[in-house]
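Peer 1: If you want the building blocks of each chain, they are given just below.
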Amino acid sequence: MTIPFSYSWKSLWARKATSVLTAAGMALVVYVFATVLMLTEGLKQTLVATGSEDNVILIRKGAETEVQSTIEREQAAIIESAPEIAYAPNGTKLASKEVMVLMTLPKRGSDKPSNVTIRGLSQKGLTLRTQVRLAEGRMFRPGSSEIVAGKKIAENFKGSGIGETMRFGLRDWTVVGVMDAGNTGFSSEIWGDAEQLMQAFRRTAYSAVVARLADVSLLEPFRDRVEADPRMKVEAQRETEFYAEQSEMLANFLEILGMTLSIIFSLGAIIGAVITMYGAVASRTREIGTLRALGFRRGGILSAFLFESSLLGLIGGFAGVALASTMQFLTVSTLNWQTFSELAFTFTMTPAIACQSLVFSLFMGLAGGLLPALRAARMDLIDALRSV
Amino acid sequence: MLLFLRLALRNLLRHKLRTGLTAFGIVIAIVAFALLRTVVDAWYAGAEATSANRLITRNAISLTFPLPISHANRIRQLSGITGLSYSNWFGGVYIDERNFFPQFAVEPKSYLELYPELVLAEAEKTAFIKDRKGAIAGRKLAKQYGWKIGDVIPLRGTIYSGNWSFVLRGIYRGAEKKTDETLFLLHWDNLNETLKKTDPNRAERVGVFVLRIDRVDRAAELSDAVDRLFQNSLAETLTETEEAFQLGFVAMTEAILIAIKIVSFVVVAIIMAVMANTMAMSTRERRREYATLKAVGFGSRYLLSLILGESLVLSIGSGVLGILATFPAAGFLATKFGTLFPVFELSLQTMGLGMLASCLIGFTAALFPAWRVITLPVSEGLRSIG
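In order, the protein sequences belong to chains U and A.
Residue numbers 1 to 388, in UniProt numbering, belong to the letters of the first sequence in order.
Residue numbers 1 to 386, in UniProt numbering, belong to the letters of the second sequence in order.
Just to be clear, a hint being listed does not mean it is correct.
[To be verified] Within a straight-line C-alpha distance of at most 30 Å, the following computed DSS-like cross-link-like pairs (lysine-lysine) qualify:
hint	chain 1	residue 1	chain 2	residue 2
1	A	K197	U	K233
2	A	K178	U	K61
3	A	K261	U	K44
4	A	K196	U	K61
5	A	K133	A	K197
6	U	K151	A	K261
7	A	K178	U	K112
8	A	K196	U	K10
9	A	K261	U	K112
10	A	K197	U	K61
11	U	K233	A	K336
12	U	K107	A	K133
13	A	K294	A	K178
14	A	K148	A	K109
15	U	K16	A	K16
16	A	K261	A	K294
17	A	K178	A	K196
18	U	K16	A	K294
19	A	K178	U	K158
20	A	K178	U	K44
21	U	K233	U	K61
22	U	K233	A	K130
Since the hints were made in silico from the structure, they are not lab data.
Let's have the full structure, built from the sequences with the hints guiding it.
Peer 2: This is the structure we're talking about:
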């Protein structure tokens, strides 16, 4: 005969203040655990979504980011003419020769400067980025000093809202549009005409070439061929992989920090649960004796108390996950160390994270309840009944 | 007072397991709190170690844009500038990407003059200045990789492509505790000569100029003077004090810093919940005793101080243990982080904050149970069972 679950629930309810405090401690731990996972997930999703499966990106060998890379005009022309690259409907190659620079812009409100990515590209570059659409205004006109700003940049940085101007390279640049690239890295970039930007920054070389392959399976032969070409030293990567790599350092840091904290915190929360459950066992000694006298087995007592503590953990877990879910409205804008440029990303809750957090809280509850439950189960019947 | 302490201790010892667990919890919380604050401090260490008489001039567009070396002569002519050097961020990879440490290509003689806190034996200094393929490293960095003078250090260029190798000519130590001992300095000339051959467009350029000014209070005026020299030129400059320059880096990663700060307070909050729980339980058990005390004639103030005393003894005692435990923990983390943080030291301020936090924990944990005891009618208290 097992002890009904309602017994455990009622016991928790009978000691509301203590139960709430313990569950609150666990909820905070789960909250921290979940938000760190959400942050790392958001960062990864943002950068992975920035690239497209079908696109390939070429940068100078040894360079880790587009900003560090240089590709001379002749080299870019050689790459563009590769037979593996797809044709646009008008018969030209679907390859975009791009220039990328970092510029320091002051943030709105605080005036603190941060590095913003400026990408110079051509009409083809726009075609290659199907995930980017205009939220407001229009695209820049080729050959003009017009730029469009990513949504996150327009919100956060001075002079980058529609109609505003910013000055660099001895010219004023007008923001004529705001682009919405969803949760991708492009929302943290400013785009303009490649040739104009190269003139302004006195650059003679491109940074990268982005191209669409005629067929995804051509990636390997294409890569082998360009990387073996003695006329240039370039590396070709699938765009999704390239961007995923750009998040590694920050993601690793967040993960290490988050996991260390979660372990330390969970120790605190488990201790809280141990204290609570020991207290519960101690104050119900007579009750336990009575239950045993009624014929409930030691195993039944053990599971009743374990159930009580896991319930405590789960309540905390659900509260923590609920609390963490509200973080989804927040966007974090920070410097990505690898690219040295500003990147905005959001806390992203996924079913996997919710599950992990709940399992974590259940584990905390069980770990906290184990010793007290054992004590309750091993209690001597006669002594228990006799205690006050 | 002594009697009081004894009473508090006795009460704590009544439930050794619970007291021990709570103390352990507080120790963990204080360690976590202190470590997080130390990470935050380490972040600002770069700015702390700056000198007020140094200015940094960089390209106004962003740090990733170089400045022509020809700017140097025009800056030197300004009165008030007493020294000038320059450096380029080299950004090479040592063996693999995980081994990160800052590398700068500098003009050795003037650079070491401007940074007297990098202390180098005279012989090592001359050896470095003379050898264009030479380099020097900080003590901490050399220790991390077990480098000795004369070792050849290979770096794979990311910004300046190719495979480079440098001969370690000296190991400097910091004049002060906060001096960064993780730098790797090589010859700017060496870099420039190679660029002239391989990538002439990028030769004759420097990342930043470091200027020394004669009087600290002229920093703003001289910064302006430098920037005015190059206004509307192809390479406009932005000059600021070294501290502002370093803080600029910190500000860029501010979001993470804020998160760490928030988390460090959440730790305290969690442990407050645990501690309050313990106090609530121990007072609930003793309701009858407190009611007896009240019936005998002890006032609420006495009861309050009794409960508060017990709570504070536990929390402050554990707080002290926590601070003590932080030292080995911080030492362990410092070796884990390696050269990621140039300085990783537990500060006095952090210790003070840790103690303050433990007092706060003890205080708030006692409030609610004490209030319950004080407002509870005597008759009901006497009637209650554990």
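Peer 1: Taking the hints in turn, state whether each one holds.
Peer 2: Consistency of the hints with the structure:
The hinted pair formed by K197 of chain A and K233 of chain U meets the criterion: a straight-line CA distance of about 16 Å does not exceed 30 Å. At most 30 Å may separate the alpha-carbon atoms for a hinted pair to count; K178 of chain A and K61 of chain U exceed this at roughly 37 Å. For a cut-off of 30 Å, the pair hint linking K261 of chain A to K44 of chain U stands: about 23 Å separates their Cα positions. With a C-alpha separation of about 19 Å, the suggested pairing of K196 of chain A with K61 of chain U holds against the 30 Å cut-off.
Using a Cα cut-off of 30 Å, the hinted pair K133 of chain A and K197 of chain A holds, with the two alpha carbons roughly 16 Å apart. Distance check on the hinted pair: K151 of chain U and K261 of chain A sit about 28 Å apart at the alpha-carbon level, within 30 Å; holds. Pair hint K178 of chain A plus K112 of chain U holds up; C-alpha atoms about 25 Å apart against a cutoff of 30 Å. Between K196 of chain A and K10 of chain U the CA atoms are separated by roughly 81 Å; this puts the pair beyond 30 Å, and the hint is violated.
Proposed proximity of K261 of chain A and K112 of chain U is supported: the alpha carbons are some 19 Å apart, at most 30 Å. Taken as a hint, the K197 of chain A and K61 of chain U pair is honoured in the structure, with Cα atoms around 18 Å apart against an allowance of 30 Å. Of the pairs offered as hints, the one joining K233 of chain U and K336 of chain A is violated, with about 36 Å between alpha carbons and a cut-off of 30 Å exceeded. At roughly 42 Å between alpha-carbon atoms, K107 of chain U and K133 of chain A are farther apart than 30 Å, so this suggested pair is violated.
Between K294 of chain A and K178 of chain A, the direct Cα distance comes to roughly 57 Å. Violation of the 30 Å bound is thereby established for this hinted pair. Of the supplied pair hints, the one linking K148 of chain A and K109 of chain A holds, its CA atoms being roughly 22 Å apart against a limit of 30 Å. A threshold of 30 Å between alpha carbons decides the hint, and for K16 of chain U with K16 of chain A the separation of about 24 Å falls inside it, so the pair holds. Straight-line distance between C-alpha atoms of K261 of chain A and K294 of chain A comes to about 44 Å, which puts the hinted pair past the 30 Å bound.
Our distance criterion of 30 Å between C-alpha atoms is broken by K178 of chain A and K196 of chain A, whose separation comes to about 37 Å. Distance check on the hinted pair: K16 of chain U and K294 of chain A sit about 26 Å apart at the alpha-carbon level, within 30 Å; holds. Our distance criterion of 30 Å between C-alpha atoms is broken by K178 of chain A and K158 of chain U, whose separation comes to about 35 Å. Between the alpha carbons of K178 of chain A and K44 of chain U the distance comes to roughly 35 Å, so the proposed pair goes past 30 Å and is violated.
Note on K233 of chain U and K61 of chain U: the hinted pairing holds, with a Cα-Cα distance of about 5 Å set against a maximum of 30 Å. Restraint check: the Cα-Cα separation between K233 of chain U and K130 of chain A comes to about 34 Å, which exceeds 30 Å; the hinted pair is violated.
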